Amino acid sequence: MHEVNWGIHVILYLFLAGLGAGAVVVSGSVLLRKGGFGSSRFAVARWGALIGPIPAMLGTFLLVFELGQPFRALNLFKVINLSPMSIGSWFLVLFIFFSLLYALTFLPRSAGPGDRLARMRRTLAWICVPSGIGVAIYTGILLGAMPARPFWNSPILAGLFLLSAVSSGVAVILLMGVFFRRKSTDPAVRDDYHNSAYLLTATDAIILGGELVIIFLFLLFAQLTIGDVRYAVAEILPGGQLAMPFWVLVVGFGVFIPFVIEIIEIRPRLLSGGVFRSRMAVEVVVPILILIGGFTLRYVVVIAGQISASAAL
Amino acid sequence: MNAKQRQLASRRGFMQKLVGGAAVTSAVVAVPALTTATSAAKEKKPRNKHYGMLIDTRKCIGCHSCSVACKAEFDVPLGFTRSWVEYTEKGNYPNVSRHFLPRLCNHCRHPQCVDVCPTGATYKRKQDGIVVVDTGLCIGCKYCIQACPYDARFLNPVTGFADKCDFCIHRVSKGLDPACVNSCVGGARIFGDISDPDSEISRQLATNPVTVLRPGKGTEPNVYYIAADHSSEHENKRGWYDVRVTTHRREKKRR
Chain A
80 MHEVNWGIHV ILYLFLAGLG AGAVVVSGSV LLRKGGFGSS RFAVARWGAL
130 IGPIPAMLGT FLLVFELGQP FRALNLFKVI NLSPMSIGSW FLVLFIFFSL
180 LYALTFLPRS AGPGDRLARM RRTLAWICVP SGIGVAIYTG ILLGAMPARP
230 FWNSPILAGL FLLSAVSSGV AVILLMGVFF RRKSTDPAVR DDYHNSAYLL
280 TATDAIILGG ELVIIFLFLL FAQLTIGDVR YAVAEILPGG QLAMPFWVLV
330 VGFGVFIPFV IEIIEIRPRL LSGGVFRSRM AVEVVVPILI LIGGFTLRYV
380 VVIAGQISAS AAL
Chain B
931 MNAKQRQLAS RRGFMQKLVG GAAVTSAVVA VPALTTATSA AKEKKPRNKH
981 YGMLIDTRKC IGCHSCSVAC KAEFDVPLGF TRSWVEYTEK GNYPNVSRHF
1031 LPRLCNHCRH PQCVDVCPTG ATYKRKQDGI VVVDTGLCIG CKYCIQACPY
1081 DARFLNPVTG FADKCDFCIH RVSKGLDPAC VNSCVGGARI FGDISDPDSE
1131 ISRQLATNPV TVLRPGKGTE PNVYYIAADH SSEHENKRGW YDVRVTTHRR
1181 EKKRR
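Protein chains in written order, with the working numbering: chain A, 80 to 392; chain B, 931 to 1185.
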């Protein structure tokens, strides 16, 4: 058995940091967006901003304590070099700092579009979106940077992690909506609610579609090559040690089923101008499936990279 | 370092001073007019070395004395190895063979571990090409361990820092051979400055067919082998003959 040097702490960090960054990126881009969906955008932005920093900080905490000597982590900030981990840690610190400030602007109960914090909120969103994308994408670059690990050594992994992060961010915002906004009796709020749910569901459908494309390309090119990469990717193909979690939990439950459900849901409004009415069962099940898929994706990738190796000496 | 080594080192230092002094004296005596030339020669920096190792596996008897010497030299914690010997057994009876493959850090020309280190704790020394770990900067993130195609690194459980072979930098800087070279009963290891064309290792490299491990990774190792068997257990998939690799490490499988 190969040594697994990066275990559950790292896997959880990759998932949680992606989730937090994804939620803030969605929040920021929805806030900055012009046109359509009226005030429903603000509610989405608010929940994304409030939830985002929490998993990001929790993941970072796990990662720092995985080192065994937490204060040594400060050495990361004595230098900046071209190591993906160095650039990633600077991004992470920037992201946590500014996403906390961004979350604070949403904290007052009176927070709403056009209040006195609006300018600052927009400025912070302009910082949070790129730094959040940085955090989400660097985790894939971090793994992809090493020829010694043929399973990870693919530029497309970073894209997969980015899409998966944004998709988990959308999922967690949808879940928050179910818990905190659905019960309102005010018809205006209810309309708003369905409007924002449509925005999120449609966005998520596009992202999940992109994930399917990337997974397809990843597998296709691994199969088209010969040598190390092909042997490594056999771990997740039928007959491999990680085939079950990959195909059932990641591809099936995590991407394909949510994608199909969301397409069915948004189809009437998207194609024939019908009315979108978000259903509670869908709103709960789809995000949970996406979150399970997002975690399992990190798990499968991190483990598969470490149990596979170069064939020839 | 024991008393004998210290004595040796200081004797060597004395000899160097003696020789250096003689050289300066003769230069002053011989060419008093060419003062500009001598001052230019004085300012010239010492030439950078590039240490490397050549392992003649035909002379290796698989006795592990290199591994033991290394363990003793660095007090490497139980279960971990900076230097180790792999056995490769292959064939079907009666056509069988066993080959020994001593392993250590390759001190690559393009070390991936250095590229990925986020704090600059691991770096390749300009003056002698040795890849070292600065424990004052290492955070124990294990990124370098992931990046090494040779599995030469490990997390030292006592210190919590990344650890690996450093070509016995403390011995080499005093003019001694690394512990594994010193202890090799078959004389299978030649250590020296590859950038010096007159060194023993350079002459042997120039006159023997040599290979390095995993050349396809682009790392350009500085540990060379004569007659190394590159067979791996992966070849068992073909089903023609059996290959069994015994790593003699905690990691039972070669990475």
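For the record, the hints were derived by calculation from the structure and aren't laboratory data.
Please read these numbers as outputs of a predicted model, since none were measured by experiment.
Hints may contain errors.
[Said to hold, decoys possible] Distance windows between CB atoms, simulated:
no. : chain 1 : residue 1 : chain 2 : residue 2 : range
1   : B       : G1090     : A       : L316      : 31 to 41 angstroms
2   : B       : S1125     : A       : F176      : 45 to 55 angstroms
3   : B       : P1127     : A       : L296      : 48 to 58 angstroms
[As the list claims (entries may be wrong)] Which residues of chain B face chain A? A few of them, derived with a C-beta cut under 7 angstroms, are:
no. : residue
4   : N1022
5   : V1026
6   : P1048
7   : T1065
8   : G1105
9   : V1142
10  : P1145
11  : I1156
12  : H1164
13  : K1167
14  : K1183
15  : R1185
Glycine included, each C-beta is placed from N, C-alpha and C at the ideal position.
Quick rundown of the hints versus the structure:
1. B:G1090 with A:L316: 31 to 41 angstroms: 37 angstroms Cβ-Cβ, so the 31 to 41 angstroms window holds.
2. B:S1125 with A:F176: 45 to 55 angstroms: Holds: the Cβ-Cβ distance is about 47 angstroms, inside 45 to 55 angstroms.
3. B:P1127 with A:L296: 48 to 58 angstroms: holds (49 angstroms)
4. N1022: Violated - the Cβ of N1022 of chain B stays beyond 7 angstroms from chain A, reaching only about 21 angstroms at its closest.
5. V1026: Constraint on V1026 of chain B not satisfied, violated at 19 angstroms.
6. P1048: Nearest chain A Cβ about 4 angstroms off; hint holds.
7. T1065: violated (10 angstroms)
8. G1105: violated (33 angstroms)
9. V1142: violated (10 angstroms)
10. P1145: Not OK, violated: P1145 of chain B not within 7 angstroms of chain A, min 10 angstroms.
11. I1156: Violated: closest Cβ of chain A sits about 16 angstroms from I1156 of chain B, beyond 7 angstroms.
12. H1164: holds (4 angstroms)
13. K1167: With a closest approach of 9 angstroms, the K1167 of chain B hint is violated.
14. K1183: holds (6 angstroms)
15. R1185: holds (5 angstroms)
Violated hints, listed in ascending order, are 4, 5, 7, 8, 9, 10, 11, 13; each of the other numbered hints is respected by the structure.
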